[in-house]
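Novice: Note that the working numbering has the sequence shown beginning at 1, numbered continuously upward.
Hints listed in this document are in silico derivations from the structure and should not be mistaken for laboratory results.
Ideal Cβ positions, reconstructed from N, Cα and C, are used throughout, including at glycine.
Hints should not be assumed to be uniformly reliable.
Below are the EDC-like pairs computed for lysine to aspartate or glutamate, each with C-alpha atoms no more than 20 Å apart in a straight line [to be verified]:
1) K218 / E96
2) K253 / E12
3) K218 / D252
Computed spacing ranges between beta-carbons, pair by pair [said to hold, decoys possible]:
4) T117 / A11: 20 to 30 Å
5) V169 / P255: 23 to 33 Å
6) R168 / E59: 38 to 48 Å
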Amino acid sequence: FGPAIPDAQYAELARRPPERLRIGYATASPIGTDVSPEAVAAVEDAAALLRDLGHEVEEARTGVDERQLARDFLTMWFASMAAEVDHVRQATGCAEDQFELDTRIMAAVGRATPAPTYVASHNRWNEHSHRLALFHETYDLLLTPTLAHPPARIGQMATPAWMETASRVLLAVRGAGLLAKTDLVDRIADDNLRWTPYTQLANITGRPAMSVPTYWTKGGLPLGVQFVGGLGSEGQLLALAAQMEEARPWFDKAPPL
């Protein structure tokens, strides 16, 4: 997807005061994983700020099957990983086992995905896009957490030991095809997307989106909120971001080191 051609430079669009917007917000993870209370608080805090700025804000549902959307996102991701691994091997002559384990298992699942499954998954992108378009007939923007949890500590997002063991076994017996037919893919999806379950919606549907750092955790770390606009709403998003930054400046704010 490419951005819409703006009617002015983005810097100028950011200086235009935004009109009164109707914004729907959601805090629950669209794939059913856990969400930090601080991520919920970040959205509620942003909603209060937006109301103070004159916008209409209410809780809403997108109508998109985001569990299916997550599967469709990962189907594309795994297939793309397989293509990239093949490309790198051809370009460099490196061996398969020189890639990281996570990369190898994703590529293996991508290779094991039947072409009809991939095409059906890709075709559903259009359905997801149409459903989100219906949401934007009612609301100008969607507001969600950007991350479901505060920024992770080093090592906190490492692949779980059980997944590493299962991956090594499946690679050894060339069992990626079996993996694709079990609920293990959903478990991998949950583990990979539990930090960022909200951002695939804009990626898959081609909608412009932004993360705005209006909230800080008790530990002094930024925790952004995401706005997803309709097609061609880049100027609207930039104008809103500028308005929010003017009301609550963040440029000079940094976490303690």
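Novice: Confirm or reject each hint.
Specialist: To see whether the hints hold, each was checked on the structure:
| no. | hint | result |
| --- | --- | --- |
| 1 | K218 / E96 | 44 Å, violated |
| 2 | K253 / E12 | 24 Å, violated |
| 3 | K218 / D252 | 18 Å, holds |
| 4 | T117 / A11: 20 to 30 Å | 44 Å, violated |
| 5 | V169 / P255: 23 to 33 Å | 41 Å, violated |
| 6 | R168 / E59: 38 to 48 Å | 44 Å, holds |
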